[in-house]
Amino acid sequence: MAAKKLRRARLSEELCERLSRYQITTCQDFLCLSLLELMKVTGQSYYDVQKLLCKVSRACAPKMQTAYEMKLRKSVNPSSAFLSTTLHSLDKVLHGGVPCGSLTEITSPPGCGKTQFCIMVSVLATLPVSMGGLDGAVIYIDTESAFSAERLIEIAGSRFPTYFDSDEKLFCMTSSVHLYRELTCGAVLNRIMSLEEEIISKKVKLIIIDSVASVVRKEFDTKLQGNLAERSNFLARGASVLKYLAEEFSIPVILTNQITTSLSNGLAIQADLVSPADDLSLSEGASGSGKRESGYVTAALGNTWSHSVNTRLILQYHDLLTREDTGLISGYETTSESPSGTS
Amino acid sequence: MDWDQFDLNPKVVAALKKADIKSIKQILNLSGADLQRLMKLSSADIQCLLKTVSHTLRRNSMITALQLYQDKDHLTSQHQKLSLGCSVLDTLLKGGIPLVGITELAGESSAGKTQISLQLCLCVQYPYKYGGLESGAVYICTEDVFPSKRLQQLIDQQHKLRADVPAEIIQKIKFGNSIFVEHAADLDTFHNCITKRISLLLTRGMVRLVVIDSIAALFRCEFGVSDSVMKARYLQTFGAELHSLSTRFRTPIMCINQVTDAVSESEAAQCSCSVVGNRVCPALGITWANQLLMRLMVSRVPQPAPSSGVVSHPTGSVRTLRVVFAPHLPSSSCCYTVKLEGVKGIK
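Chains as they are written, first to last, in the UniProt record's numbering: chain B, 1 to 343; chain W, 1 to 347.
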């Protein structure tokens with residue numbers, strides 16, 4: 001927020017022009033200078049500079065709002081508070097759908113349907129408000145090259161055949177899904193930092209990052225010293241910028257995570273480990289020691305990340321045919337689990 | 001070069017014309033200081049010029065789904081896939097193997113995995129028009145000797161398998177010449193191979209397919225149950241390197257995996273085995289599965305309910321190829337047999 005441009009802080013044009021000659025373009029640059037320097041740079045009197053300081057500080061400080069105002073706003077216009085996923089039981093459990101203004105994480109074993117869910121939600125976000133959508137563009141940051149445009153069109157055509165009956169509507173929908181392919185942590189972070197301008201210029205109403213876990217887990221090896229801290233640092237920075245964007249523009253942000261197994265056999269092991277249950281055939285032959293490590297599957301990226309996201313959805317294989325969606329602790333409900341509909 | 005079309009200060013445009021700079025290449029070949037001297041502009045102006053010029057060359061890395069679908073930029077085209085050489089199998093995979101990402105082929109022994117990968121090595125050498133990539137393949141063997149006799153058989157029978165390709169094109173391609181075989185029996189050799197040796201071939205464009213037969217063999221012998229952490233680390237590293245090679249060079253990577261028994265319901269559900277009594281799931285666990293784009297499974301158990309018009313094949317030679325997960329494909333399967341000329345799907 002300190003990087004907000006001065007032009008957006010409602011300063012006059014010629015003042016902004018004059019300041020940019022001194023390389024002062026953001027609120028941060030402005031507020032870092034002392035009063036005397038500001039007087040020299042703006043050429044105005046002491047009192048005027050004080051007023052300018054007030055104005056700029058107010059522009060980049062978060063506004064206070066009362067809980068009553070927030071509730072009023074959400075009850076007057078409930079469609080702006082949630083993005084309905086059109087899965088009725090899931091919407092019921094989430095009290096309306098994917099919440100706007102906060103981070104939602106979807107995690108599951110591989111092949112369960114995270115990317116499919118993300119693609120489906122991108123279609124929903126481009127629908128008009130009357131059909132339950134957000135009538136806006138979507139930013140899709142793809143780190144695994146798993147996004148498929150044909151699948152997007154297939155989903156749109158099969159799910160809303162009456163709405164997407166003409167090619168023109170399909171073109172309109174697909175041209176509002178903006179795809180970025182980023183392959184490293186640094187690239188993802190840079191992209192997140194530069195999203196603010198894109199959100200304003202393209203009227204974006206949904207941000208999807210698929211998947212955070214794959215880039216982070218490839219680059220940071222938690223066994224090496226210092227890497228764990230660096231990784232948490234990176235995740236925290238990314239999450240804070242995303243939260244600011246979600247809050248400021250009131251849009252939902254959806255992130256995808258992976259599943260990992262956490263061993264609990266007394267050794268001080270970090271959270272990202274492999275499942276001991278694979279290669280059963282090998283271990284059966286060598287099970288002389290008898291010490292069976294018990295493990296349970298959990299979302300990857302550790303505890304710090306769990307605190308950064310507001311809502312976590314877990315998809316699992318139920319039986320051979322259906323998959324189950326378990327909504328976990330979120331800001332909107334306190335019950336821990338409710339198995340909901342099948343997709 | 002029409003400098004007016006760029007979003008530049010008129011002063012800069014005038015300086016460019018005066019200095020007689022005719023192309024973007026000339027601008028990018030000179031250093032900042034040289035440009036300053038040549039055009040007599042300040043460094044800020046030169047920076048601006050360089051930025052604008054490089055921006056036009058390297059378009060914004062964002063594309064919309066519409067552009068992706070309409071295939072405007074063939075560098076990011078998703079429509080292009082590596083065909084398997086048989087129309088039935090290609091229909092199952094909606095074109096073939098995707099060019100970017102790791103594809104896994106898992107199955108029991110003698111289900112036909114090596115046959116399919118040998119066929120892919122030959123298919124990649126055909127021209128783009130016939131579903132190939134006009135380039136060679138790298139075949140990394142980790143457990144067995146490379147089946148060169150079978151490869152020779154397949155090469156001799158290519159005209160029979162690919163009846164759709166004119167005979168003179170098949171004769172022109174020197175199949176054996178472009179398949180590079182590497183034997184890597186342990187992790188270090190394998191690591192060396194994928195980091196140093198393959199990149200040489202890939203940068204020169206001599207290969208556009210990497211087959212690893214098999215990835216499971218490297219790990220199952222060396223790591224016991226207590227070494228799970230080490231194993232996971234290696235899997236992550238290899239997966240990341242393969243994925244980065246695949247994206248940089250738009251090269252499909254085909255990994256062959258082995259299977260283990262699925263003991264619990266949930267494990268069986270994960271690989272959607274619909275045949276009770278033959279519940280196997282691919283080896284190497286969740287860590288490896290997270291790195292994959294697409295997973296295919298082959299088995300020797302034929303699907304039930306054959307249609308009556310089908311020529312009856314001797315039982316036991318009909319195999320099933322199933323899509324376990326893929327972002328662009330539904331869960332589907334088809335039958336195939338392994339003949340002298342290669343793998344052919346059965347409708």
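Keep in mind the hints are simulated off the structure, nothing from the lab. Values in this document were obtained by computation on a predicted structure and should not be read as measured data. A virtual CB, placed ideally from N, CA and C, is assigned to each residue, including glycine. Hints may be right or wrong, so weigh each one.
[What the hints assert, rightly or not] Here are the simulated DSS-like pairs of lysine-lysine, each with C-alpha atoms no more than 27 Å apart in a straight line: (1) K81(W) x K339(W); (2) K203(B) x K149(W); (3) K11(W) x K25(W); (4) K94(W) x K51(W); (5) K94(W) x K169(B); (6) K17(W) x K174(W); (7) K160(W) x K174(W); (8) K4(B) x K169(B); (9) K202(B) x K94(W); (10) K5(B) x K40(W); (11) K81(W) x K51(W); (12) K243(B) x K40(B); (13) K4(B) x K339(W); (14) K40(B) x K74(B); (15) K149(W) x K339(W).
[Said to hold, decoys possible] Which bits of chain B does chain W cover? Going by a derived footprint, with three or more residues having C-beta under 8 Å, they are: (16) 89 to 96; (17) 175 to 184.
[Said to hold, decoys possible] Far from chain W by the CB rule (all over 12 Å, computed), these chain B residues: (18) K4; (19) E13; (20) C16; (21) D29; (22) M39; (23) G43; (24) G113; (25) A146; (26) R191; (27) A229.
Outcome of the hint check:
{"no.": "1", "hint": "K81(W) x K339(W)", "result": "holds, 24 Å"}
{"no.": "2", "hint": "K203(B) x K149(W)", "result": "violated, 61 Å"}
{"no.": "3", "hint": "K11(W) x K25(W)", "result": "holds, 20 Å"}
{"no.": "4", "hint": "K94(W) x K51(W)", "result": "violated, 41 Å"}
{"no.": "5", "hint": "K94(W) x K169(B)", "result": "holds, 24 Å"}
{"no.": "6", "hint": "K17(W) x K174(W)", "result": "violated, 52 Å"}
{"no.": "7", "hint": "K160(W) x K174(W)", "result": "holds, 17 Å"}
{"no.": "8", "hint": "K4(B) x K169(B)", "result": "violated, 36 Å"}
{"no.": "9", "hint": "K202(B) x K94(W)", "result": "violated, 33 Å"}
{"no.": "10", "hint": "K5(B) x K40(W)", "result": "violated, 31 Å"}
{"no.": "11", "hint": "K81(W) x K51(W)", "result": "violated, 35 Å"}
{"no.": "12", "hint": "K243(B) x K40(B)", "result": "violated, 37 Å"}
{"no.": "13", "hint": "K4(B) x K339(W)", "result": "violated, 67 Å"}
{"no.": "14", "hint": "K40(B) x K74(B)", "result": "violated, 46 Å"}
{"no.": "15", "hint": "K149(W) x K339(W)", "result": "holds, 15 Å"}
{"no.": "16", "hint": "89 to 96", "result": "violated (count 0)"}
{"no.": "17", "hint": "175 to 184", "result": "holds (count 8)"}
{"no.": "18", "hint": "K4", "result": "holds, 22 Å"}
{"no.": "19", "hint": "E13", "result": "holds, 19 Å"}
{"no.": "20", "hint": "C16", "result": "holds, 18 Å"}
{"no.": "21", "hint": "D29", "result": "holds, 17 Å"}
{"no.": "22", "hint": "M39", "result": "holds, 26 Å"}
{"no.": "23", "hint": "G43", "result": "holds, 22 Å"}
{"no.": "24", "hint": "G113", "result": "violated, 9 Å"}
{"no.": "25", "hint": "A146", "result": "violated, 4 Å"}
{"no.": "26", "hint": "R191", "result": "violated, 9 Å"}
{"no.": "27", "hint": "A229", "result": "holds, 19 Å"}
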